[in-house]
Amino acid sequence: MTVSLAACSFASFLRTFATFFTLLILSFTTLPATAQDAAAPADASAVESAEAATQDPAAIVQSFGGKQSYDDTEEVISRLAATGDPAVARALRALREGDLYWRESDEAVFIAARDGDNYALTDPYTGEEAGTAPRGDMSKVRVKNSIRNAVTGALGSLTLRSDNPGQRMRAANTLFDEANPDMIEPLEAAIEAEEDASIRTAMEQARAAAILQSDRPEEEKAEVTSVLAQRGDRQAQTYLNAFAASTEDDAARVAATSAVAQIQSNINFWNQAQNVWYGLSLGSVLLLAAIGLAITFGVMGVINMAHGEMVMLGAYTTFVVQELIRNHAPELFAWSLAIALPLAFLVSGLVGLGMERGLIRFLYGRPLETLLATFGVSLILQQAVRTIFGPTNREVGNPDWMSGAFEVGLMSVTWNRLWIIVFALVVFAGLLLVLNKTVLGLQMRAVTQNRQMASAMGIRTPWVDAMTFALGSGIAGIAGVALSQIDNVSPNLGQGYIIDSFMVVVFGGVGNLWGTLVGAMSLGVINKFLEPYAGAVLGKIVVLVIIILFIQKRPRGLFAQKGRFVDA
Amino acid sequence: MIFAKYLGPRVWFLVLLLVAAAILVPMASLWLPRSHPLHVPSYAVPLIGKYICYALLALSLDLVWGYLGILSLGHGAFFALGGYAMGMYLMRQIGSRGVYGDPVLPDFMVFLNWQELPWYWSGFDQFWFAALMVMVAPGLLAFVFGFFAFRSRVTGVYLSIITQAMTYALLLAFFRNDMGFGGNNGLTDFKDILGFSIQAPETRASLFAASCIALAIGVLIVGAITRSKLGNLMIAVRDAESRTRFIGWRPEYVKLFAFTVSAVMAGIAGALYVPQVGIINPGEFDPVNSIEVVVWAAVGGRGTLIGPVLGALLVNYGKTVFTSIAPQYWLFVLGGLFVFVTIFLPRGIVGTFDHGWDAWKARRASKEREMGEGAAEPAPGPAE
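For the protein sequence lines, the chains are A and B, in the order given. What the first sequence shows, in the working numbering, is residues 1 to 568, in sequence order. What the second sequence shows, in the working numbering, is residues 1 to 384, in sequence order.
Chain A on its own, in the form it takes in the complex:
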């Protein structure tokens, strides 16, 4: 691999390529952060509302008291909503939860909570404590589902004026989903008062959605289609489609259809982006699985069919570590993966060392026998794990920082996938450093390039062989820690990766780490782009066939080694 690294102009191209990936990752990580920043700075403005003062909200709250029909209750709710006073939200929430009561003696309204035989009362408007009352004295303000819905709507319009920008944003999004024509006016008022640009946009989109559902004139509806087009997601597209189908005005229909098309191209763009992301994610998994093989097979030329089992051992190490942590030190759980990493490296590395010393060193120069013997080892390891841990999947938990997802545009990015991509690239970079900057790496390259000469220079070649094999195996173990987060941890875990790993190494070019990176990433992306057309299984078959054909064309892979030791 040094030959190609040192001499080949590919190398610089590939470094650029890797930088590109890193930048891509960085941009993914920073995007959500900037979105939050944009949302943050506008909480200073308490909304001064013009019509709030027309009637005393506290007095309206009191009119829940006394025997009422449901219609009366609903009317009170809408009057409260019209005040635009965020403070009435307390009373409304209590009403929805069924905690709003009135005193039989004076029809005064309170929020009541059970306190022994009595109710503890709170003022529904101010939230101050208002003593207690015997339970017999209080009557509940009756609610049914339509009332609860009315309350939710009213709260939506009230939270539009909340001091908390996050709450305003949520309210705008809820109203967008509801698209209720009654909310147009509160939204307009809120839009005028809103100072945060992104929230105002969301409110305008909610207003546009509501207008499409209302009986406003067609021209007005046609105008707001562009607002929806900007939003560009599937919900907006649904509204526009419905509008385009129902409107009788030609101009409005044209506007709506063009907006739909605009949204469609936006959705398509994000679909492609999502595919690329999935592809990179799959590619990083392949990279992790194959990178150890790139050392043992690529650099040493040893066919290690037990490579997948090294990955499996890493995953089971993670399982054991997590079990121990769960039983003895649950507070360390967030660190479980960090603890498992070096242990997995050691476990797989030691097994690899044992294999090399006990088996493979007798078979150097006989690759087909090596293949068979290591396959035997893989069977033994699988069965050993099956005997110890049982044949079923074992549970490996995700620490908090690995679970969940966030949105980038219309694309959802899960944290565990993101971390695995980052992790794969870190492992790759680390391995490059080891190979190019350490004494062991130097000796490794020397031995693989010219064993006799290296030996004559005083390098203990058997020791270097053992260390190289242990390094490759240990890296497979590390990969197992990462894969335990996204795959089932079972004795068959390794088998699923072994063929793919060989494909990656062969495709990328044996003996070239950069080839492994490019091979893994391109196979991942090709796979994910084929999936929508061919289905998951057929896509995989097509990829295998492509690789088989590719090997016919370039038997030494994408980035073939050059030099005299190519054809042994």
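Worth double-checking, as some hints may not be accurate.
[Stated by the list, open to error] Residues from chain A that face chain B, not an exhaustive set, calculated with beta carbons under 10 Å:
1. I380
2. I498
3. I548
It should be emphasised that the hints constitute simulated quantities derived from the structure, not laboratory data. Bear in mind that the values here come from a model prediction, so they are computed numbers and not experimental data. Don't be surprised by glycine CBs; every beta carbon is placed ideally from N, CA and C.
Fit chain B to the supplied structure of chain A, relying on the hints for placement.
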């Protein structure tokens, strides 16, 4: 009988043994009373028949691995393709006796709501066509695959890995329901073959005899190929491919020929296997199965004619015995066998025996060199 002198007495003994088994075992199973000490129980006939099919598969692998140095990790795919061709014939023979009673469509197609038979199923109601396909399907795959692979000089472990990828791709493909080969469940519930009930002891005995005869013919064919001038060329390609090319031969054609013949043999083995076990499913494409075939040949001794046969019979008999005693430890044994054979018995049982025999004879005659007069087998060198 022109090969008599080339094949050597051991191979002829094997062929005669197989012919005798083809006649005597069915007789002992059908006509001897149960109490007779030589009676062969009826369950044993298809079981041994299965081993014989495996032996033919191992022999076909030996032709390319032992004599040509091509370690194919995809021979199970040819075996399974032959099996599927036979299975399709057997499916068509079910006729309207299936669960859904459709006169043409097999049950799984009715279940999937298919209206008509896919085009590639047509013709399989005729035995001659199915028998042809048993050979054509694997042979064609091997020819096309080999044509591209050998022409572009994919050799050694690279070839092994892409043959493995080939069988893996087929495994995935045959698991799909829309492939029209029964998906996950494969083809099963066979009723009869050539008009005879597949469960009947007489049919089983005949299938057993057919398997033995097929294996005997296979041994003779492989013997004829490897003892011919072409066989010498194959060994030359195995031991020094570049040198053979420089002399002026075309190694890719030699390889292509042997690979295709080998695949056809594997297909026939699969076709005989399916009616005896009564099912064919995508699991036969599993890369692990193909690798197991390699270990049979390795145990018996590759590069010999009787080695793979012996290896397949021994390992599979061992597997049957062992899985009935301690099934969970079979993989330990199999894995250990891989390691043991490659480290301590690289020539296999037969090869090690020959080697020891030659050495002993050479010592006894105290001549400087005496090779290959008594034992006609060329001492197998390392495959690479």
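* To do: Determine which of the earlier numbered hints do not hold for this structure and return their numbers in increasing order.
  => none
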